[in-house]
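Colleague: The primary structure of each chain is shown beneath.
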Amino acid sequence: MPIIKVNNRDVHIQELNKGAAETVLLLHGMFSNLSVYYFNIAPILAEHFHVVMYDLKSHGLSERVLDGYDLENMTNDLCALMEALNLDKVHLAGYSFGGLIALKMAIRFPEKLKKLAIIEAPNPNDERAHGLIDDYSKDFLEHYVENFTDTTKVRMGKRQMERNHRMYEYLFHQTSIKKDMVAEKGFFSDPAILAVDKEILLLYGTYSDCLDTGKDLNEKIKDSKLIAVNGDHNIPIQEPALIGNTINTFFIN
Amino acid sequence: MDTVASTAKLNNDEIFDLMKQFITEVIGEEFVEEMDITPESSFTKDLEMDSIEIVSFSEKIKQHFGDQIDFTGWLSSMDLDQLIDLNLGTIINYIQECQ
Chain A
1 MPIIKVNNRD
11 VHIQELNKGA
21 AETVLLLHGM
31 FSNLSVYYFN
41 IAPILAEHFH
51 VVMYDLKSHG
61 LSERVLDGYD
71 LENMTNDLCA
81 LMEALNLDKV
91 HLAGYSFGGL
101 IALKMAIRFP
111 EKLKKLAIIE
121 APNPNDERAH
131 GLIDDYSKDF
141 LEHYVENFTD
151 TTKVRMGKRQ
161 MERNHRMYEY
171 LFHQTSIKKD
181 MVAEKGFFSD
191 PAILAVDKEI
201 LLLYGTYSDC
211 LDTGKDLNEK
221 IKDSKLIAVN
231 GDHNIPIQEP
241 ALIGNTINTF
251 FIN
Chain B
254 MDTVASTAKL
264 NNDEIFDLMK
274 QFITEVIGEE
284 FVEEMDITPE
294 SSFTKDLEMD
304 SIEIVSFSEK
314 IKQHFGDQID
324 FTGWLSSMDL
334 DQLIDLNLGT
344 IINYIQECQ
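For the protein sequence lines, the chains are A and B, in the order given. For what it's worth, the numbering used here labels the leading residue of the first sequence as 1, then goes sequentially. For what it's worth, the numbering used here labels the leading residue of the second sequence as 254, then goes sequentially.
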């Protein structure tokens, strides 16, 4: 497993097509991991680009970390990773919370970015995300899996349920993730978003609860284009080839 | 880490044992002890492997067989239903064909 040290912490990365001239860096969402890209989207991008995926702290196979889940720290982590991999300037794609990290990067470090693809980034002011943390319990997870696995079609067994439960327990009850996410509530009101001067592709699901957020970002960011893809918040899993090809074309042209 | 451990051609039983070894390394011995792993075992239903564990498993195949086998490419050609139904026997056949 490619585990590298970044700021003295273990970070799980995966790279494809290392020799390519340009790099695409892929950010996954909260409570997910790099596998959301690994099987379909990354191989499409790797036909042309050097592709780097990594697991965010405490996610996937990266080291558990107690704090620093706010966008400032998450973008600091990303910069440190780019430095460790000798990457000066990259195309960046982020899904869900990863989309918010990508947007924060465009505000803080535009010189490190070429184009951006933001997939299903939610509005951090959405109470549902914070409510989810408040309501979390094992019963909740079981209910969630029972009712919402249709979109991904994979039914969780006992071992996975326990594994996921342990991850949620750790993140919700031991780390600063909740406090850090609540602190980002006003992110979309930050005037710096209006000043973002990058070419941005916004990809949202036609039936997604986040589609209005996509429209809002499209209005705010002058050089952005919104594409609605058939599906809900899970579009990278529902339409991986379409997402991969659309991002690939956008980054190439 | 990137070195290829073996390029010798393996028979079906040897591939099966190697896959069992990889699965044990990925999900842990304590879980494997409770399972009856056979060529019919499916990755998601029987072995309950989630996607990040399948990433680890794919990496082990990559490390062992090197360029001989494009396991990730093969997986990416499948749709979700095929991935969910994927069993060990299918993987063994694929590796056998590639060798």
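Keep in mind that the hints were calculated from the coordinates and are not lab data. Treat the numbers as computed from the prediction; the structure is a model and nothing was measured. Accuracy of the hints is not assured; some may be wrong.
Stated by the list, open to error - Subject to a maximum C-alpha distance of 30 Å in a straight line, what follows is the list of computed DSS-like cross-link-like pairs (lysine-lysine):
#	chain 1	residue 1	chain 2	residue 2
1	B	K313	A	K178
2	A	K89	A	K158
3	A	K158	B	K313
4	A	K18	A	K185
5	A	K112	A	K89
6	A	K158	B	K298
7	A	K115	A	K220
8	A	K114	A	K18
9	A	K215	A	K185
10	A	K5	B	K313
11	A	K89	B	K315
12	B	K273	A	K179
13	A	K115	A	K225
14	A	K220	A	K18
15	A	K158	A	K222
16	A	K215	A	K114
17	A	K220	A	K114
18	A	K198	A	K115
19	A	K18	B	K315
20	B	K313	B	K273
21	A	K222	A	K89
22	B	K298	A	K18
23	A	K225	A	K158
24	A	K158	A	K215
25	A	K89	A	K5
26	A	K158	B	K262
27	B	K262	A	K5
28	A	K115	A	K89
Stated by the list, open to error - Reference listing, derived: stretches of chain B covered by chain A, where coverage requires no fewer than 3 residues with Cβ under 8 Å from a Cβ of chain A:
#	region
29	263 to 274
30	307 to 317
31	343 to 352
As the list claims (entries may be wrong) - Sample of chain A residues lacking proximity to chain B, with all beta carbon distances greater than 10 Å (derived):
#	residue
32	P2
33	D55
34	L87
35	D180
36	D197
37	K222
38	V229
Backbone N, C-alpha and C fix where the C-beta goes; we use that ideal spot for every residue, glycine too.
Colleague: Now look at each hint and say whether the structure bears it out.
Modeller: Here is what the structure says about each hint:
1. B:K313 x A:K178: 35 Å, violated
2. A:K89 x A:K158: This hinted pair is violated, its Cα atoms lying about 43 Å apart.
3. A:K158 x B:K313: 25 Å, holds
4. A:K18 x A:K185: Distance of about 37 Å is beyond 30 Å: violated.
5. A:K112 x A:K89: 4 Å, holds
6. A:K158 x B:K298: 11 Å, holds
7. A:K115 x A:K220: 17 Å, holds
8. A:K114 x A:K18: 18 Å, holds
9. A:K215 x A:K185: 18 Å, holds
10. A:K5 x B:K313: Since the Cα atoms of A:K5 and B:K313 sit roughly 21 Å apart, the hinted pair holds (cutoff 30 Å).
11. A:K89 x B:K315: Roughly 29 Å between the alpha carbons, so the hint for A:K89 and B:K315 holds.
12. B:K273 x A:K179: Roughly 42 Å between the alpha carbons, so the hint for B:K273 and A:K179 is violated.
13. A:K115 x A:K225: Distance ~12 Å between A:K115 and A:K225 Cα, so the pair holds.
14. A:K220 x A:K18: 35 Å, violated
15. A:K158 x A:K222: Violated, because 47 Å separates the two Cα atoms, which is more than 30 Å.
16. A:K215 x A:K114: It holds: about 22 Å lies between the C-alpha atoms, which stays within 30 Å.
17. A:K220 x A:K114: 19 Å, holds
18. A:K198 x A:K115: 6 Å, holds
19. A:K18 x B:K315: With a Cα-Cα distance of about 15 Å, the restraint between A:K18 and B:K315 holds, given a limit of 30 Å.
20. B:K313 x B:K273: 12 Å, holds
21. A:K222 x A:K89: With Cα atoms ~22 Å apart, A:K222 and A:K89 stay inside 30 Å; holds.
22. B:K298 x A:K18: 34 Å, violated
23. A:K225 x A:K158: Not OK: A:K225 and A:K158 at ~42 Å, beyond 30 Å, violated.
24. A:K158 x A:K215: 39 Å, violated
25. A:K89 x A:K5: Holds: A:K89 and A:K5 sit about 20 Å apart, inside 30 Å.
26. A:K158 x B:K262: Violated - the C-alpha atoms of B:K262 and A:K158 are around 37 Å apart, more than 30 Å.
27. B:K262 x A:K5: Roughly 36 Å separates the two Cα atoms, so the pair is violated.
28. A:K115 x A:K89: Holds - the C-alpha atoms of A:K89 and A:K115 are around 10 Å apart, at most 30 Å.
29. 263 to 274: violated (count 0)
30. 307 to 317: Coverage by chain A holds here, the residue count being 5 at a Cβ distance below 8 Å.
31. 343 to 352: violated (count 0)
32. P2: 7 Å, violated
33. D55: Check fails; 8 Å does not lie beyond 10 Å.
34. L87: At about 20 Å from chain B, A:L87 clears the 10 Å cut-off, so the statement holds.
35. D180: 23 Å, holds
36. D197: For A:D197, whose nearest Cβ neighbour in chain B is about 35 Å away, the distance exceeds 10 Å, so it holds.
37. K222: For A:K222, whose nearest Cβ neighbour in chain B is about 36 Å away, the distance exceeds 10 Å, so it holds.
38. V229: At about 16 Å from chain B, A:V229 clears the 10 Å cut-off, so the statement holds.
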